[in-house]
Every structure is written in structure tokens, then in C-alpha cells.
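Protein chains in written order, with our numbering: chain H, 181 to 469; chain A, 5 to 146; chain G, 56 to 713.
Note that these hints are calculated values from the structure, not bench results.
Warning: the hint list may mix true and false statements.
30 angstroms max Cα-Cα, derived BS3-like pairs, lysine-lysine [as the list claims (entries may be wrong)]:
hint, chain 1, residue 1, chain 2, residue 2
1, G, Lys212, G, Lys111
2, A, Lys102, A, Lys14
3, H, Lys323, H, Lys210
4, G, Lys212, G, Lys353
5, G, Lys212, G, Lys225
6, G, Lys643, H, Lys237
7, G, Lys225, G, Lys80
8, A, Lys14, H, Lys447
9, G, Lys80, H, Lys447
10, G, Lys212, G, Lys80
11, H, Lys210, A, Lys140
12, H, Lys237, A, Lys102
13, G, Lys212, G, Lys483
14, G, Lys225, G, Lys353
15, H, Lys210, A, Lys102
The following residues of chain H were derived to be distant from chain A, with all beta-carbon distances above 10 angstroms [claimed, not checked]:
hint, residue
16, Leu203
17, Pro293
18, Tyr383
19, Arg439
20, Leu456
21, Leu459
For clarity, every value in this text was computed on a predicted model and none was experimentally measured.
Note that CB positions come from ideal geometry on N, CA and C, so glycine has one too.
Here are the chains, one letter per residue:
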Amino acid sequence: MSSGWIIASVIIAVIVVPLVAGLLSGIDRKLTAHMQGRIGPPIIQPFYDIIKLLGKKPMVAGQAQLVFAWAFVGLTVTAVVLLALRQDLVLTLLVFFFGSVCLPLGALSVKSPYSQYGGHRELLQLLALEPILLLSAIPVSLKVGSFLIADIFAHGQPLLPSLWITFAVLLIPVALVMRKSPFDIAGSEHAHQELVRGVLTEYSGPYLALVEVGHWYAKIFVLSILGLFWVVGSLWWLSVIIALGGWFIVLIVDNVTSRLTWSWMVKFAWGCGITLITLNSVLIHLGWM
Amino acid sequence: MDILTRSRTKSPWLLHYSCGSCNGCDIEILAALTPLYDVERFGIVNMGNPKHADVLLVTGPANWRNYRVLRNIYDQMPEPKLVVVVGVCGSTGGVFDKCPNTLGGIDTVIPVDVYIPGCAARPEAIIDGVVLALGKLEAYGT
Amino acid sequence: MAEVLIRLLILLPIVTGSICLVVRKSEVRAGIVYLTAIFLIVSSIVLAQQWSLPLKYYAGPTSKWIVLVLSMVMLAYIVFVAAVDIRRRGVTLHSVLTIVVALAAAIPVAVFQFALAPEVPLVANPALYVDHFSLLRGILISVTCPLICVYAIRYMKNHEEHLTHLGELKRTRQPRFFFYMLVLIGAMNGVAFSDNLLWLAFFWGLTTLCAYALIRHDETPEAIAGAFRTLWICLIGNVGFSAAIILSWYSPLNTISLGALVSNGAVGYPVLLLPFALLCVAGITKAGQIPFHGWGIKAALVSPAPVHAILYPFMTTGVFIVLYVSPGFVGTQFATFLAIFGAASSLSLGLIAISQRGSISILVCSAISNLALIIVCAGIGTPLALTAGVMLVIFLTISMILLYLCAGVIEQHVRSNDVEDMEGLARKQPLLTGITMTAILSLLVAPFGILLSKWAAIQAAAVIGIWSSLVLALLMLSIGAATVFWAKWLGRILCQTPTSESARLEPFVPHYHGVLLTLVGFAVLSSVFIAPLYNAAIVPIIVGAGYDPILAFTTEAWFLRATGGVFAGWPIFIVVAIVLLIPFATMKVRPEATRPAFMCGENVEIGSDEFVAVGDERTPLMTGGFYIEGLLGEQRLDRFVIPAGVVLLGILFAMVAL
Ligand code: SF4
Chain H
181 MSSGWIIASV
191 IIAVIVVPLV
201 AGLLSGIDRK
211 LTAHMQGRIG
221 PPIIQPFYDI
231 IKLLGKKPMV
241 AGQAQLVFAW
251 AFVGLTVTAV
261 VLLALRQDLV
271 LTLLVFFFGS
281 VCLPLGALSV
291 KSPYSQYGGH
301 RELLQLLALE
311 PILLLSAIPV
321 SLKVGSFLIA
331 DIFAHGQPLL
341 PSLWITFAVL
351 LIPVALVMRK
361 SPFDIAGSEH
371 AHQELVRGVL
381 TEYSGPYLAL
391 VEVGHWYAKI
401 FVLSILGLFW
411 VVGSLWWLSV
421 IIALGGWFIV
431 LIVDNVTSRL
441 TWSWMVKFAW
451 GCGITLITLN
461 SVLIHLGWM
Chain A
5 MDILTRSRTK
15 SPWLLHYSCG
25 SCNGCDIEIL
35 AALTPLYDVE
45 RFGIVNMGNP
55 KHADVLLVTG
65 PANWRNYRVL
75 RNIYDQMPEP
85 KLVVVVGVCG
95 STGGVFDKCP
105 NTLGGIDTVI
115 PVDVYIPGCA
125 ARPEAIIDGV
135 VLALGKLEAY
145 GT
Chain G
56 MAEVLIRLLI
66 LLPIVTGSIC
76 LVVRKSEVRA
86 GIVYLTAIFL
96 IVSSIVLAQQ
106 WSLPLKYYAG
116 PTSKWIVLVL
126 SMVMLAYIVF
136 VAAVDIRRRG
146 VTLHSVLTIV
156 VALAAAIPVA
166 VFQFALAPEV
176 PLVANPALYV
186 DHFSLLRGIL
196 ISVTCPLICV
206 YAIRYMKNHE
216 EHLTHLGELK
226 RTRQPRFFFY
236 MLVLIGAMNG
246 VAFSDNLLWL
256 AFFWGLTTLC
266 AYALIRHDET
276 PEAIAGAFRT
286 LWICLIGNVG
296 FSAAIILSWY
306 SPLNTISLGA
316 LVSNGAVGYP
326 VLLLPFALLC
336 VAGITKAGQI
346 PFHGWGIKAA
356 LVSPAPVHAI
366 LYPFMTTGVF
376 IVLYVSPGFV
386 GTQFATFLAI
396 FGAASSLSLG
406 LIAISQRGSI
416 SILVCSAISN
426 LALIIVCAGI
436 GTPLALTAGV
446 MLVIFLTISM
456 ILLYLCAGVI
466 EQHVRSNDVE
476 DMEGLARKQP
486 LLTGITMTAI
496 LSLLVAPFGI
506 LLSKWAAIQA
516 AAVIGIWSSL
526 VLALLMLSIG
536 AATVFWAKWL
546 GRILCQTPTS
556 ESARLEPFVP
566 HYHGVLLTLV
576 GFAVLSSVFI
586 APLYNAAIVP
596 IIVGAGYDPI
606 LAFTTEAWFL
616 RATGGVFAGW
626 PIFIVVAIVL
636 LIPFATMKVR
646 PEATRPAFMC
656 GENVEIGSDE
666 FVAVGDERTP
676 LMTGGFYIEG
686 LLGEQRLDRF
696 VIPAGVVLLG
706 ILFAMVAL
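Chain H extracted, bound-state conformation:
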């Protein structure tokens, strides 16, 4: 990789990603509204929300809360940059998890009933999400022969036909990161008010905006992982379509299901998700896929 290309990737990862993610969540809200027979907000609504939040007076509940918000964003951006630089997939995921664990830590650092509850639930989400995301790297590496994302690009063959099971399972972490039903147990994206806003309860104004932007990076991160399942030569738009396809499925599932309990979530993710990815690896080992 030339240094020009490296700089370009970093700039794209840091600047273009939030723009795309914001638009995507605007489209998400619009589509959801249409599915419910409403007109819905303008597509650029998420940007209005963020700018408004940035313009509010800061209000804090402790230093640790702020530091972990920064760390959440910084490390998630780092994970996206590592992905853009086509580094090691497992390392990239580990950095992503470091970012993800900062959010509940920030929430748990405030003695607030809702924030504590949300933080613990966020940890349970991580318990469901981490093993699946990490394990999904295994069948990929079996196919590609390496954990380097660059080698997935160099592989020259789409992964989806042999790894469709893994792809399907990966929709679980995508839904978790996007805070969609039936997994939206910690952040209450959709005004499920028994938690107030869960992990986000004690963040407000600019810091809420910060966390929200970090969340955008996280969404694009998991969607890009989906995109890796179809990278062939210069047909980059195919991977975008694959990622958007996964995103759309998650959206539909969100609209037709209701939220379920955390214990169901963990059992489902571990029982179904892990078993299926392991099955995928075994099938590859046997040469059947």
C-alpha cells in the first residue's frame, strides 16, 4: 500500500464514514416511518440532531464519564481506520471491542439507577456480540488463508457463497450494534422508557452527540464487515450492496419483532450463532463449502 493510499483511506474512514452513517440512519428513520404509514423526518434529520446537541450547554456527571466517551469514539474510529488500512481482522475486532467496552464503563462510572442498569445490559450485549464477531473471522481465514483484510481483497473470490451461514449469523451483531429489536435492551433507541435511555441516560448535550457519532462509526464498522463477504476486484459496489442488504434485513426484522429479554438474547446468540459459525468452519474443513 502506498502512503498516498494510506492517507486517503484514513481520511475516508475518519471524515466520510460519519457522513454516510448519518445519512444511513436518516434513511433508516424514513423507511421505518413509511413502513408505519407515516411521512417521517427529513433524511438529514440525524445531522440536525447532532448539531443541536453540540450547541447545547455541557452538563456532566463526572470526569470518568467524559473520558470514556472520548475513548469510545477514539477507539471505534481507530477500528474503522484499521479496517480501511486492511489490517488484521482479529486485531481490528479486538480494538473495536475495546471501544465498545468503554461505553458501558462510562455509564457505570455514574451512580445513577438507569445508567447502571443500561451499563450492565450493554455488557450483556457485548457478551452476545463479541464471541460471534470474533468467531466469524475463523471461517473467513479458513477460506482466505490469512486473517489480513488485505488478503480478503486479494483472494479474488467472493466469500458469500461458501460463508452464507456466517453472514446470516453476523446479522445478530449488526442488529446489536444498531440497537435494533429484538436486541435493543441497553440503549432504548425507540423510547422504551423503563430504562429511560439506558447507557446513554447520563450523557447530554455535546457528549451525547459525541457518543452518537461514535455509534455511527460502530454501525459502519459492522456493516463493512458484512461488505467483506463480497469483495472482488474493482466491483466495490457489490460489497456495498451486500452490506446494505444486511442492513435492510435488520431493519425489517426490527419492524416486525418486539424486544425480547436479555437472557433470550445471550442464549440465542451463543446457542444459535456460535453453533452455526462453528458448523460453517467444520463444513469448510470437510471441503463441503
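With chain H held as given, fit chains A and G with the ligand onto it using these hints.
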């Protein structure tokens, strides 16, 4: 209009607090939030948390029992913030006027920006009231 | 010079420990401990420059009888201790088992040596054999354990003051305490350096005996029961050693040299697989792996913190042996199932840790869970896996000891080791909280060394064939479980009520904060400078095991490059410094921007964690962690974990028989 003010007027997040109304206006607020009126068109989202809210919708008269809670919630909202009183009893005391347990209108406890009349106020009037309040944000500056 | 130092690393702590036993004045005792610590640390530094390895040390023909007699005396003492306990407290399962196991360990060797074949020249092998791996292990012990002893000088003083205050202590028990601490250091070094299985078994038993004595230090009924449980479980290892000695002597190799066994290997000599399996069982019992994890968890409840801290390297001794002999059985079906066993053990203890409330209990579970990863690495057996295993030994020793010691200071501060009671530590003890947080993060997140090692283990496991799918699935689940219990604990100590007052640093206690900060320094620096560390310390080990280090890592711009991936560690450390360290040091919260937590408007005032409840009553807010005891409680999980452990061990031996 600069981008910040525009964003503020485009994204009012609501918090609803009932000071012990007869629940008539509360029901109307919830009606205004149903898909029928689709307030998300205006970027309006209902929040359960003062720390995230921009507009406080209050119903019912200020009273000795919970004016403390009302003030605390108001204090927990970050600036710029707006207070919209829904219904006459919140505006002036209404049917509860001169009751020994009430203080009168909400403005005896916290500053109020917009009063929406009606007993109960209609959903359309509530939406109009919120939009009217947003006009005050232009004066806030950065 | 080096040979003298090696011998002193074993003997000196034993001698100074014995002096501690008779010294009554606590200042003099402290002085002896300091001098021992300085000597051990300095000689480790000197030995680290030692390149002409391996060193061999042959003992004379009479030494065989000395070691044999010492072993027999030791085992007889254990039987005696158990018999005394039966007289005092009546017959208990643990003391009876202790006698049975000790006899089972003693009788075969005694019959073999004294009756059947006294002419067998067991001393033909070197007694001590120091290669790069055992030297690294010795240095790790001799640097970290003296720090524990220094810490213990202060800790035990406070501990005994508290007990005296409660009226539970008449006369100081510190002489005995430091005696066993120091002897344990010497014995662990002995295990690291021994090559002759007879010597190895003796030191192995000696570490068990010291651990037993240290666990029962407080002499409460629970402590005594926990100590006996530890004793008989860890003595199973000595039964394994006795059998291994006889088996390997009657193998075609006619040797009881560990090095010779490993270098010949089970592929060439399938009969060696059984001795290897027995050594692995010895390691598994000592490291508290399933189904033997009970001793670690029970011991966690009863003894002072420095004991737990030193029990960590004690447990590591177990997996060290497994990793040390792993090149001997690489490529066998046994190795594959050893990896599966390790992964299952890791996951089981990770899940049990989620339901634990005691800080030491969490640490013990996580220690076992992490040590199990080293067993996984031993089972995988590729050069990369061996590297991952060695790295885990290094990084875990530093971080786990650090965290045990942190838990001890916190416990003395809040007078409880329940994680729930540690709420708000960030306000009362900011420095200690920062240290604990660094320690937890070093175990929890990349790019710190432990996650680097796990990354390497994943890379290594991915290429070992179809069973890798199972190993990896269990491994990933255990990584997920670790996130929950670490973050939960960290969340509790960070949790504080919003207030506009800023926190003040607590007074600096050299014995505590000095030792802790030294270990923090080790943990961070070794992770940041992993590339040079790898080249200097780990490459020779890989070469010594007969592998090409290219198959493990190449270092390029201080990135670790394996055949299947690259670990770009230091750039991420820079990011961590920017997003975590600098904000913590510089970010200030303006008092007027501080708001209380959201409590539905019922807050009392800022800085207070009370709310107005029914009848205008001021009621304190209580928050707490998730423990999921219904699903993941120890008792409940044990119903599955213990049978699973037994079955997996059975499968391991079935693999030997095949
Ligand atoms: S204004 Fe009338 S309807 Fe509304 S809350 Fe007050 S009394 Fe009820």
C-alpha cells in the same frame, strides 16, 4: 438562519411532565405523539430524560406536593431549553385555582415560554404551541 | 558465576526463610526479607544477561539418596499433619484423602528405589538444567515474588493488627508466614530449573506443602478445610510424578531427565505419551483446572491477599510444566484433546467468574481461565502457539499478581472483598483506582500483552485442523465472558455520585503503591516493547524447542507479523494514550457544569446519593452489579463442569491408550 439555530428548530426533543393534572391534557399529548399526527416530521421525538430534552411539556397546576420535582427536572435540562405549558390548569391554575394544595400556574415555579390554552388542549394546538416555542430559539444565539 | 546464582535462587530463599522462622523481632525479619528480595531481583538481572545456555548442574551420587529421603520426609510430614488434623477435628474427607494421596505418591517411588532397583543410577541426568525457558520462568518468579513479600511486610502488619483488635490473634504468626513465602519462592525456582524428575517431584511437592501452610495461615476452620483440599488435590500431581518416574525409567530411553524425554518426544517413542499425560495431569491439578477448580475457589475465601498473589505463580508452575513438555507430544491426538480440554476449562471458569462477588474469587476464576489458555497453547503445539503460551506466562504473571495485590489493598481499605462494597473507590482512593484500572485493562483489552497472546493463540489455533473449530468457539466465548466480569468490577470501583468537589490523591504508601506502580510499569512497558522483548527473550525459547522462529513471529517496524496476520501494537498504544490517558490526566470538570444523576426528579441535592421516597423519607440510592447466579452460579455450573472435566480427562487418557 445559521446552521445551529436551524438544527435547534428542526430537532426539538420533548419531555412530558404531569404536575397532577386531571390527565385530560396528558392523553392529548400522547395523542399528538401517535403516528396519526407524525410529529417526527418536525424532528420531534419523545424523550424520557430531561438530560436529553429540549422542550418540557408540563400539564397540571403547580402544587406543593411536587413543585420540587418540577424544578429539579427543569434544572437537569441543558440550555437552551423551552417550557411549554399544556392546558389552562397549568397556565393559570384553571379549575384548580385557589385550591389550598396548589400554587397556581407553572410559571410560579419555573419560567414558561408558551401557554397552550384549552381544557383539554387539542393535539393540533399542542403541536402548534411547540412550533411557536421554537421561534424563541432564534434569539438564543450560540 | 551463573551456576552459583542459579543454585542460590533456589537455596537462598529457603535459608533466609528459615532464619525468618526463628527471628522474633519484626524489624529484623523485614530486613531479612528486604535483603532476600534485593538479592533475588539483582541476580535475576544478572542472569538475564546470561547467554551461554543451557547450563547443566550434575549432583553427586549421594544426592539421589538425599533427595529421596527429603521427599519421603516431606510426604511423611504431610501424612503426619493430616493425622494430627484427624485427631483434633475428627475424620474429614479432605484429611483422609490427603493421607491416601500422599501414600500413593510415596510408596511407588520408595518401593522402586529402595527395594526393586536401588542400583538405578538416577543421577546420571543433570539435576538442574537451565535453558532459556526455565531461566525466563525463574527470572519471572524471582522478580515478582520478592515484590509480593515486600508488600506482605506491610500487609501482614495491618492484617495482624486488625485480627488482634478483633481478639482473634494472641501471638504473631508472621515468622511462619515469611518462612513459607520464601521457601515457596525457592521451591518454585527449583521446579523451574530441575531436570531430574526426582528433584522436580521433590520441589513440586514442596510448593504444595508451602501453599497448604500459607492457605491455612489464619487457622480458621474454613482456612484449614481449604488448605487440606488444596493439599490433596495438588498432591495428585506427585502421584503422577512417581508414576512418570517409573514409567520413563522402564521406557526404552532409560532416563528420568525431563529434557531428554521432551527432546525424544512421543512421536518417536509412543510409550512416553503416558508419562507426558501424567505430567500434564500434575500441571492440571496444580493450575486448578476443571474438574479440580474447587481448591482455588475455596482457597480464595479464606487467606490473606499476599498468599493469593503468590498462589498465582504457584498455579502457573502447573501450566509451565505442561507448556515445557508440550514439544514432546506435539502432533499427537492427545495434544489436540489437551487443547480442547484447556478451552473448555477456560470457558467454564470464565462463566463461573461472572457469578462471583468476591474480588479474590473473581481473580482466582480468571486466573484459572487464563492459565487454561496456556494449556490450549501447549495442545496446539505450533511455534506460534508456544510463543503465545510463553507470552501468556509472562504477561499474566505480572498483571494477575498486580491485581491480587490491588485487591488486597482495597480489601484492607473497605474491610471487605465483596466487589459491591468497592463502589466509589475512585473517589476515596484515586491512585489505587487508577492502578487497578490499568491492571484490569491490561487483562481485558488489546493491545495489551494478554490480548496479544490471545490473538496469537487464535492465529495458531486456526490452522490445526477440524478440531480447531471447537477449540476456537470455546476460546471466543471465554473471551466474551472475561469482558463481562472485568468490566463489571471496573464499573463498581469507578461508580460514584456526581459531585462538584474534586477528588484528592490518597497518601502514598511505599510498600503498597510503590510495589503496585512497579508492577504497572512492568505490565505496560512489556506490552509496549513486546517486539524487542520477543526477540530477546522468546526467540531463544522457540529455537531451543527446535523450531524456526520465523514460523512464530517476524518483527518489522515493531509490528509482530505471523504467517496469517499482523499485530500493530504500538500505534494503538498511542491511540490509547491520546483517548484515555491524556484525558484522564488533563480533563477537568467545571463544578458549575456538574449535575446530579437522573432520579425522576426526586433527587435530594447535588453530591448526595439520596432520593425522596414515600412519605418524603430521604432514602439512599443503592446500585449493584449483575451476577446472574440463577444461570451461572458456581453450584449450578459445577453440576455440568465437574462431570465435563472428568469426561474430558478420561478422553485424554483414552487418547494415550490409542
Ligand atoms: S387543563 Fe383541563 S383537561 Fe387539561 S389537565 Fe387541566 S383540568 Fe385536565
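Verification of the hints:
1. G:Lys212 <-> G:Lys111: 41 angstroms, violated
2. A:Lys102 <-> A:Lys14: Violated. A:Lys102 to A:Lys14 sits at ~39 angstroms, over the 30 angstroms cutoff.
3. H:Lys323 <-> H:Lys210: The hint is violated at about 38 angstroms.
4. G:Lys212 <-> G:Lys353: Holds - the C-alpha atoms of G:Lys353 and G:Lys212 are around 24 angstroms apart, at most 30 angstroms.
5. G:Lys212 <-> G:Lys225: Distance of about 14 angstroms is within 30 angstroms: holds.
6. G:Lys643 <-> H:Lys237: 16 angstroms, holds
7. G:Lys225 <-> G:Lys80: 16 angstroms, holds
8. A:Lys14 <-> H:Lys447: Violated: A:Lys14 and H:Lys447 sit about 41 angstroms apart, past 30 angstroms.
9. G:Lys80 <-> H:Lys447: 59 angstroms, violated
10. G:Lys212 <-> G:Lys80: Satisfied, since the Cα-Cα distance of roughly 13 angstroms is no more than 30 angstroms.
11. H:Lys210 <-> A:Lys140: 28 angstroms, holds
12. H:Lys237 <-> A:Lys102: Not OK: H:Lys237 and A:Lys102 at ~38 angstroms, beyond 30 angstroms, violated.
13. G:Lys212 <-> G:Lys483: Given that 30 angstroms is the threshold and the Cα spacing comes to 22 angstroms, the pair holds.
14. G:Lys225 <-> G:Lys353: With a Cα-Cα distance of about 26 angstroms, the restraint between G:Lys225 and G:Lys353 holds, given a limit of 30 angstroms.
15. H:Lys210 <-> A:Lys102: At roughly 48 angstroms apart (the allowed maximum being 30 angstroms), A:Lys102 and H:Lys210 break the hint.
16. Leu203: 16 angstroms, holds
17. Pro293: Fine: 12 angstroms to the nearest Cβ keeps H:Pro293 off the interface.
18. Tyr383: 7 angstroms, violated
19. Arg439: 15 angstroms, holds
20. Leu456: With a cut-off of 10 angstroms, H:Leu456 remains clear of chain A, as the shortest Cβ separation is near 36 angstroms.
21. Leu459: Given that every Cβ of chain A is farther than 10 angstroms from that of H:Leu459, nearest at about 42 angstroms, it holds.
In this structure, the hints that do not hold are numbers 1, 2, 3, 8, 9, 12, 15, 18, in rising order.
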